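Protein sequence lines, in the order shown, are assigned to chains A and B.
For the first sequence, my numbering assigns the number 1 to the initial residue and increments by one for each residue that follows.
For the second sequence, my numbering assigns the number 308 to the initial residue and increments by one for each residue that follows.
It is worth saying that the hints were derived from the structure and are not from the lab.
A few of these clues could be false.
What the hints assert, rightly or not - Lysine to aspartate or glutamate pairs mimicking DMTMM-like chemistry, simulated, CA-CA at most 25 angstroms apart:
| no. | chain 1 | residue 1 | chain 2 | residue 2 |
| --- | --- | --- | --- | --- |
| 1 | A | Lys205 | B | Glu492 |
| 2 | A | Lys205 | B | Glu360 |
| 3 | B | Lys506 | A | Glu282 |
| 4 | B | Lys418 | B | Glu444 |
| 5 | B | Lys506 | A | Asp204 |
| 6 | A | Lys205 | B | Asp563 |
| 7 | B | Lys469 | B | Glu492 |
| 8 | B | Lys566 | B | Glu519 |
| 9 | A | Lys205 | B | Glu498 |
| 10 | A | Lys288 | A | Glu268 |
| 11 | B | Lys340 | B | Asp443 |
| 12 | B | Lys506 | B | Glu492 |
| 13 | A | Lys288 | B | Glu498 |
| 14 | B | Lys385 | B | Glu507 |
| 15 | A | Lys205 | B | Asp540 |
| 16 | A | Lys205 | B | Asp402 |
| 17 | B | Lys506 | A | Glu266 |
| 18 | B | Lys385 | B | Asp400 |
| 19 | B | Lys401 | B | Glu444 |
| 20 | B | Lys506 | A | Asp255 |
| 21 | A | Lys288 | B | Asp504 |
| 22 | A | Lys288 | B | Glu507 |
| 23 | B | Lys496 | B | Glu452 |
| 24 | A | Lys205 | B | Glu452 |
Unchecked claim - Take a look, some chain B residues computed to stay more than 10 angstroms from chain A by CB distance:
| no. | residue |
| --- | --- |
| 25 | His339 |
| 26 | Cys359 |
| 27 | Gln379 |
| 28 | Asp388 |
| 29 | Leu463 |
| 30 | Gly464 |
| 31 | Ser468 |
| 32 | Ile508 |
| 33 | Arg510 |
| 34 | Lys566 |
As the list claims (entries may be wrong) - On the chain B side, residues computed to face chain A include the following (Cβ under 10 angstroms):
| no. | residue |
| --- | --- |
| 35 | Arg457 |
| 36 | Glu475 |
| 37 | Leu477 |
| 38 | Pro479 |
None of the values given here were measured: they were computed from a predicted structure.
Glycine is no exception: its CB is placed at the ideal position from the N, C-alpha and C atoms.
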Amino acid sequence: MSKLRLLFNSIAVHATMSPYKSPFDIKSASIDALALHLYTLDLARLEQAFSVRLAKRAGQLLHEPTLLDLATLEVNTSVDELLALRELTARFGLQAISIRHPDPSLADIAAAAGLGWMPPVIESTRLLAATAEAIPDAIAAPAPEADIPAITGETAAVVAATEEEVSASTEQPATVIEQHPIAAAETIVDKPALPTRHKTLIIDKPVRTGQQIYAKGGDLIVLATISGGAEVIADGNIHIYAPLRGRALAGAHGDMSARIFVHRFEPELISIAGFYRTFDTEPPVSLKGHSVQVYLDAERLVIAPLT
Amino acid sequence: MARIIVITSGKGGVGKTTTSASFAAGLALRGHKTVVIDFDVGLRNLDLIMGCERRVVYDIINVINNESSLNQSLIKDKHCDNLYILPASQTRDKDALTLEGVERVINELAKDFEYIVCDSPAGIEKGALTALYFADEAIVVTNPEVASVRDSDRILGLLASKSRRAIENLEPIREHLLVTRYSPERVEKGEMLSVNDVKEILRIPFIGVVPESQAVLQASNSGTPVIHVNGADASDAYKDVVARFLGEDRPHRFLDVQKVGLLKRLFGG
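Turn these sequences into a full structure, and let the hints guide you.
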C-alpha cells in the first residue's frame with residue numbers, strides 16, 4: 001500500500017443559509033489516502049493475507065480512505081464481487097472509495113458498488129515525492145553559496161570574457177549515443193506537469209575522442225578522463241572527477257540551475273542551458289588544470305575555483 | 308587457445324605494419340607458433356615488409372570465399388621458423404572481408420597457432436573494425452605527435468565499444484601503448500611530445516618505445532622485418548617489446564638522448 005495525493009471533489013455545505021444563496025458548493029479537495037494494490041481477486045486468499053498482515057494494524061487503520069488498485073489485473077468483475085471486496089477491506093479498517101484500472105467500462109460497475117473509478121497513473125510514488133521536493137530547487141535561482149570565493153580579479157576576467165562571447169543558442173545534442181542503459185522514462189499523467197527524473201548516470205571508463213555520453217533527465221558523474229574531441233551532456237549537473245579535455249554541456253534542456261564540477265579543468269567547450277564558451281584563449285592560470293565549478297549567474301557563465 | 312592480437316592505430320603511417328612484422332617475428336623467435344594476417348585489402352604491405360610478395364598465390368579473401376584452403380594460402384616465413392603469413396588481397400574489394408568469414412579463418416588458425424597477429428589498416432572503417440573485432444589484446448601504435456595521439460584515442464574508444472569483447476560484455480581487450488618513431492633529441496628541444504605526454508593523454512599500459520631509426524627503412528626495402536637486423540636500435544626495441552608482452556620485466560631504453568662519446572664523435576658511429 002502506498003500513500004497518494006488525490007484530487008477530489010467534495011461538497012462544502014455552508015452553515016448560514018440565506019434564501020438567495022446556493023445551498024451547496026463544490027470545491028476541489030486534496031486528501032491523503034492509501035492505495036491497496038491487489039494482485040488477485042480471490043477473496044479467500046485476500047482475506048487470509050489481510051488477517052496475517054493487517055490484523056495487527058487493525059487498531060491503527062481507522063477506516064482510512066483507500067484506493068483499490070486493480071491495475072495489474074485483467075478484471076472481469078461484477079457488482080457483487082466489488083461489493084464483497086469493499087466489505088472485506090472495511091473489516092480490516094480500509095474504507096474503499098474508488099477502484100483504479102485502465103478499463104473505463106468498469107466505471108459503471110464500480111458506481112453500482114458505490115465505488116469511484118480512476119485510470120492508472122504511470123508513476124512511482126517515490127518518483128512523485130522526489131520530484132515534488134526537487135521542484136523548489138529548480139524554481140529558486142541557486143545563489144552561489146557563501147563559501148565560494150568571491151570573484152577575484154582573474155576570474156572576473158573570465159566572467160567579462162564570457163559576457164562578450166556568450167551565445168544563447170538552444171543547444172540540442174546532435175547525434176546522441178546512449179552508451180549505458182538508462183532507467184526507463186516514467187511520465188506523470190495528471191497535471192501539474194512534473195519533470196521526469198532519472199537516476200544519475202555514472203561513467204567510470206575514459207570517454208574517448210569521438211564518443212558522446214548523454215545523461216537524459218538527470219545528472220552525470222564521470223570518474224575517468226574525458227579526451228579532447230569527446231562530449232558529455234546532461235539534462236542536470238555534470239560532475240567530472242578527472243581531467244576534462246573535451247566538451248561538457250549541462251542543463252541540456254534548459255535548466256539554468258545546472259552546474260558543471262571539474263577536477264582538472266582543461267576543456268574545449270563548456271555550456272549550461274545553451275550558454276556556452278569555447279577556450280580558444282586559455283583560461284586563467286588559476287583555473288586551468290585546477291578544480292573548478294561552472295554555473296550561470298543571470299545568463300553569464302561563471303567559472304569559480306573549488307578549494 | 309590462441310591469443311589474438313591486433314596491431315592498430317587509427318592514424319596511417321605510424322608503424323603498424325612494421326610493428327606487426329617485427330612483433331610476430333619476435334614471438335616466433337621465442338619459440339611460439341605465430342601467424343600474422345594482413346587486413347589491408349587493396350593496399351597490402353605486409354607481404355612486402357616480410358619479403359614474401361613473390362610467393363603470394365592465395366590470400367585471405369580466397370580462403371573466406373572457399374576458393375582455397377588455409378594451408379594453400381599460408382606462406383611460411385623465410386627468416387624464422389614458427390612464423391606464417393596470411394596476405395590480404397590486392398585486387399579484391401574490402402567488402403569481401405566479412406566478419407563471418409574472418410571468424411571462420413581465425414577459428415581454424417586458432418587450432419594450430421599460439422598467436423594470431425592482425426595487422427590493421429589505417430582508419431576506422433570496415434577493414435580496421437574487422438581487424439580489431441576478434442582481438443584479445445591490442446597494441447596501439449602511436450607517434451609522439453598530436454594527430455596520431457588523437458587518432459589513437461579514437462581507436463581506443465572503438466576497441467572499447469565495437470569489438471566482440473565489448474559487444475558481448477566479456478573481459479575487455481588488453482590494451483598496450485607502443486610509441487614509435489621516437490626521437491629523444493626532438494623531445495628535448497620541445498618539438499615532439501614526450502612518452503609521458505602520450506601516456507598522460509591515452510592512459511593505457513605502456514609496452515615500450517621504438518626509436519626513429521634508419522634501419523627501419525632499409526629493412527622494409529629489403530623485405531626483412533627490422534627485428535632481424537641485429538644490433539639496430541629498432542631491433543633491440545622490438546625485442547624488448549616482445550619480452551614485456553610475454554611477461555618479462557625489461558627496463559625501458561631509448562627514452563633518453565644518447566650521450567655520444569668522444570671516440571664515437573671523432574670516428575662517427
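Checked hints:
For the suggested pair lysine 205 (chain A) and glutamate 492 (chain B), the alpha carbons sit about 34 angstroms apart, so the restraint of at most 25 angstroms is broken. Straight-line distance between C-alpha atoms of lysine 205 (chain A) and glutamate 360 (chain B) comes to about 42 angstroms, which puts the hinted pair past the 25 angstroms bound. A C-alpha spacing of about 23 angstroms is found between lysine 506 (chain B) and glutamate 282 (chain A), which places the hinted pair at or below 25 angstroms, so the restraint holds. Under the criterion of a C-alpha separation no larger than 25 angstroms, the hint pairing lysine 418 (chain B) with glutamate 444 (chain B) is consistent with the structure, at around 18 angstroms.
With a CA separation close to 19 angstroms, the supplied pair lysine 506 (chain B) and aspartate 204 (chain A) stays within the 25 angstroms bound. At roughly 32 angstroms between alpha-carbon atoms, lysine 205 (chain A) and aspartate 563 (chain B) are farther apart than 25 angstroms, so this suggested pair is violated. At roughly 38 angstroms between alpha-carbon atoms, lysine 469 (chain B) and glutamate 492 (chain B) are farther apart than 25 angstroms, so this suggested pair is violated. Annotation: proposed proximity of lysine 566 (chain B) to glutamate 519 (chain B) holds, straight-line Cα distance about 16 angstroms (limit 25 angstroms).
Taken as a hint, the lysine 205 (chain A) and glutamate 498 (chain B) pair is broken in the structure, with Cα atoms around 31 angstroms apart against an allowance of 25 angstroms. Between lysine 288 (chain A) and glutamate 268 (chain A), the direct Cα distance comes to roughly 12 angstroms. Compliance with the 25 angstroms bound is thereby established for this hinted pair. Under the criterion of a C-alpha separation no larger than 25 angstroms, the hint pairing lysine 340 (chain B) with aspartate 443 (chain B) is consistent with the structure, at around 17 angstroms. As the CA atoms of lysine 506 (chain B) and glutamate 492 (chain B) are separated by approximately 19 angstroms, the hinted pair is consistent with the 25 angstroms bound.
Our distance criterion of 25 angstroms between C-alpha atoms is met by lysine 288 (chain A) and glutamate 498 (chain B), whose separation comes to about 23 angstroms. Between lysine 385 (chain B) and glutamate 507 (chain B) the CA atoms are separated by roughly 40 angstroms; this puts the pair beyond 25 angstroms, and the hint is violated. Pair hint lysine 205 (chain A) plus aspartate 540 (chain B) does not hold up; C-alpha atoms about 36 angstroms apart against a cutoff of 25 angstroms. Between lysine 205 (chain A) and aspartate 402 (chain B) the alpha-carbon distance is near 33 angstroms, which puts this suggested pair outside the 25 angstroms criterion.
Taking the CA atoms of lysine 506 (chain B) and glutamate 266 (chain A), the gap is about 17 angstroms. The hint holds against a cut of 25 angstroms. Between the alpha carbons of lysine 385 (chain B) and aspartate 400 (chain B) the distance comes to roughly 29 angstroms, so the proposed pair goes past 25 angstroms and is violated. Using a Cα cut-off of 25 angstroms, the hinted pair lysine 401 (chain B) and glutamate 444 (chain B) holds, with the two alpha carbons roughly 23 angstroms apart. Straight-line distance between C-alpha atoms of lysine 506 (chain B) and aspartate 255 (chain A) comes to about 37 angstroms, which puts the hinted pair past the 25 angstroms bound.
This hinted pair checks out: lysine 288 (chain A) and aspartate 504 (chain B) have alpha carbons roughly 17 angstroms apart, not beyond 25 angstroms. For a cut-off of 25 angstroms, the pair hint linking lysine 288 (chain A) to glutamate 507 (chain B) stands: about 16 angstroms separates their Cα positions. Restraint check for lysine 496 (chain B) and glutamate 452 (chain B): the C-alpha separation of about 14 angstroms stays at or below 25 angstroms, so the hint holds. Annotation: proposed proximity of lysine 205 (chain A) to glutamate 452 (chain B) holds, straight-line Cα distance about 24 angstroms (limit 25 angstroms).
Residue placement check: histidine 339 (chain B) keeps its beta carbon more than 10 angstroms from all beta carbons of chain A (closest about 31 angstroms). Annotated as non-interface, cysteine 359 (chain B) keeps its C-beta farther than 10 angstroms from every C-beta of chain A; the closest such distance is 36 angstroms. With a least CB separation of 40 angstroms from chain A, glutamine 379 (chain B) remains clear of the 10 angstroms interface cut-off, as annotated. For aspartate 388 (chain B), the requirement that its beta carbon stay farther than 10 angstroms from each beta carbon of chain A is met, with the minimum near 39 angstroms.
The Cβ of leucine 463 (chain B) does not lie farther than 10 angstroms from every Cβ of chain A; its closest approach is about 5 angstroms, which violates its non-interface assignment. A cut-off of 10 angstroms between C-beta atoms contradicts the statement that glycine 464 (chain B) is not in contact with chain A; the least separation is 3 angstroms. Listed as a non-interface residue, serine 468 (chain B) fails to keep its Cβ farther than 10 angstroms from every Cβ of chain A; the least gap is roughly 7 angstroms. Distance check on isoleucine 508 (chain B): its Cβ comes as close as 7 angstroms (rounded) to a Cβ of chain A, failing to clear the 10 angstroms threshold; non-interface status is violated.
Annotated as non-interface, arginine 510 (chain B) brings its C-beta within 10 angstroms of a C-beta of chain A; the closest such distance is 6 angstroms. Residue-level check passed: lysine 566 (chain B) sits 33 angstroms from the nearest beta carbon of chain A, beyond 10 angstroms. Restraint check, arginine 457 (chain B) versus chain A: the minimum CB separation of about 6 angstroms is within 10 angstroms; hint holds. The beta carbon of glutamate 475 (chain B) comes no nearer than 16 angstroms to any beta carbon in chain A, farther than 10 angstroms, and the hint placing it at the interface is violated.
Using the Cβ-Cβ criterion of 10 angstroms, the hint placing leucine 477 (chain B) at the interface with chain A is not satisfied: the shortest such distance is roughly 15 angstroms. Contact between proline 479 (chain B) and chain A, as hinted, is supported at the beta carbon level, the nearest pair being about 9 angstroms apart and thus within 10 angstroms.
Of the numbered hints stated above, those contradicted by the structure are hints 1, 2, 6, 7, 9, 14, 15, 16, 18, 20, 29, 30, 31, 32, 33, 36, 37, listed in ascending order.
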